[in-house]
Amino acid sequence: MYLACCLGMMLEFHLSWGGILLALTSGVFFVMVMSLKPLRPWSYSVVLGVLFTLLWLTFTTRSFIGFYVFFECSLIPTIALILGWGYQPERLPASYYFLFYTLVSSLPLLFIIISYTSMYSSSLLCFWDGLGDSLIFVLAILAFLVKLPVYFAHVWLPKAHVEAPVTGSMVLAAILLKLGGYGLYLVQGLCTHSETLVMGVCMMGGVFSCLICLRQSDVKSLIAYSSVAHMSFVILAMLMCGHYSNASSILMMVSHGVCSSGLFYLAYIFYTRIWSRSFLLTRSTVSLLPYLCFWWLGLSFFNMGLPPSLNFFSEMYFFVGVFNLDWSMAFLTGALSFFSSCYCIYLYSSTSHGESLYISSWLEYSLKEYLVSSTHLIPLLVLVLI
Amino acid sequence: MSAESVLAQERKRIRDALKLQYQREIYHPEGINNTGAKFDPAVQRFMAMRATSYERFKPTSRRSLLFLFGVYIIPIWSVVYFMDKRLERKESILSSGKVSYRDRTFKFHT
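Going line by line, the protein sequences match chains A and B. Note that this note's numbering has the first sequence beginning at 19, numbered continuously upward. Note that this note's numbering has the second sequence beginning at 9, numbered continuously upward.
Hints listed in this document are in silico derivations from the structure and should not be mistaken for laboratory results. Glycine is no exception: its CB is placed at the ideal position from the N, C-alpha and C atoms. One or more of the hints may lead you astray.
List time: in silico DSSO-like cross-link candidates among lysine-lysine, alpha-carbon distance up to 30 Å [unchecked claim]:
| no. | chain 1 | residue 1 | chain 2 | residue 2 |
| --- | --- | --- | --- | --- |
| 1 | B | 20 | B | 46 |
| 2 | B | 66 | A | 386 |
| 3 | B | 93 | B | 66 |
| 4 | B | 46 | B | 66 |
| 5 | A | 386 | A | 55 |
| 6 | A | 55 | B | 46 |
Residues from chain B that keep clear of chain A, each with C-beta distances beyond 12 Å, as calculated [stated by the list, open to error]:
| no. | residue |
| --- | --- |
| 7 | 11 |
| 8 | 20 |
| 9 | 22 |
| 10 | 48 |
| 11 | 70 |
| 12 | 74 |
| 13 | 79 |
| 14 | 94 |
| 15 | 97 |
| 16 | 98 |
| 17 | 108 |
| 18 | 110 |
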C-alpha cells in the first residue's frame, strides 16, 4: 500500500488516494450489507444506497466544487440513518449537532471555492496558485478539520456515533471521517507554510481525547472518542507535508476505518446480548462469548498499533515524519501514542474481564457475526503485505 | 448498643433485603424469557446522567477560567510557541545554506 502511495505521489495524487478510499468505502459497505438484518425496511436499503453513491462520487470527482457538493450531500442520508433508525431520544440533538457543525464550518470553504474558482476560472485545484494567507488556509480546511474532527470541534462526533444504529456508526467511523482527511489532502498542496497552531491543537487535543476515553462509561462513546485521538494523528501527519507522513495518514485512515467499524460492530453484538452499553454491565464477556472476545481482543489491540497490523506501520511512518520535522515533537506525539494504547487496553480489559455478571439468557454466535468480525480483522493483517 | 452498631445493623438489613429481592427476580421461574443483564434503575440513572452531562453543566466563573487557561490555553500556546521557534530556527538554517549536502535530512530516502 505504501508503494501504491508513492507511485501515486509521483504520477497522479488524486487518483491513488481516491482509489484507496474508494476501495475502503466499497469494502465497508460490503461488510455493512453482510451485517444487516434480513427483514429490514426497503427505505433503509435506499438510504444506504444513496449514501454509497454519494461517497463514490465524492472520491471520484476531480472538480473541487463537485467534491464540496457531494461532501455536503452525504450529510442527508447520514442524518436520515441517525434520526430514522437510532435507538434513543438523544438522537435528535445528535443529528442537530452533526448537521450544524458541518454546515457552519463549511461556509468559509464555500466562499473560498467560489472566489478562487472565479479568480482562476477553474475548479480544479491544480490550477490554483496557493491559498496565500495562513488565515485563508485555516478557513478553507476548517470544514475538513470539523469533519475529521479536530479537538474543540469534536462535540458532534460522540453524539452522532453513539446515537446512530450499528451500520450508521460503522459508516461514520470508517468513511465519513475520511472525507475530511481526503479534503485536507486535496488542499494540502496549497499550503504555503507550517500551520503550527492547528498542529499544536491537534497534539494536545489528541492527548485530551485519550484521557477522556479513560473516563468513559459507555462502550460506544469510548470508541467514538478514540476516533478523535486517531484523527489527530491523521491531521498532524497531513500538515507535516512529508512523504512518510502522507503515507502514514492514508494508512492510518484505512486502518482506523476498518478497526473502528469492527469495534462498533462488536459493541453492537455485546449490546444484543446484554442490552446495555455501560461498562458497569458489559463485563466478563469472555465467559459469556469467548470466541467473539477473540475478535474483540484483536481489534482492540490492533487499534493501539500492535504489530504486525496496518495500524502499527501507520504509526511507525508517522514517527518517521515527526522526526523529519523536528525530534522535539516526538515527546508529545509519543505521549499521544501511549495514551491511545492505555484506552485500548482499558476497553478490552473492562469489557472482557472483571467480575462476572449474571445474564439471564443470551444468543449463541451466528455465522454472520463471525464473518463480519473476521472481515474486519483479517484485512488489517493482509493489507500490510501489499 | 452504640449508635454506630445500630447504623451498621440497619445498613446490613437494607443490604440483605436488596440482595434477596435481586435473587428472587433473577431466579424467578417465570423469568425464562428475560434476556440480558437485569435492569437496574440505578445504573440507568447513572448512564442517563453521563449522557446528559453537557446539558446540565453549570460553570462557575473562577474554576472555569482556571481550567480554560491552565489546561487548554497555556499548554497549547506553549506547544505552538515552542514548535514555532524550533521550526523557524530550522528553516533559517536550511534556507541560509548552512546545512551541508552531507548532513541533509533523509539522505537515505529515495
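Verification of the supplied hints:
no., hint, result
1, B:20 <-> B:46, "holds (22 Å)"
2, B:66 <-> A:386, "violated (46 Å)"
3, B:93 <-> B:66, "violated (38 Å)"
4, B:46 <-> B:66, "violated (33 Å)"
5, A:386 <-> A:55, "holds (10 Å)"
6, A:55 <-> B:46, "holds (26 Å)"
7, 11, "holds (33 Å)"
8, 20, "holds (21 Å)"
9, 22, "holds (21 Å)"
10, 48, "violated (8 Å)"
11, 70, "holds (21 Å)"
12, 74, "holds (16 Å)"
13, 79, "violated (8 Å)"
14, 94, "violated (5 Å)"
15, 97, "violated (9 Å)"
16, 98, "violated (7 Å)"
17, 108, "holds (18 Å)"
18, 110, "holds (17 Å)"
Hints 2, 3, 4, 10, 13, 14, 15 and 16 from the earlier list are contradicted by this structure; the remaining hints agree with it.
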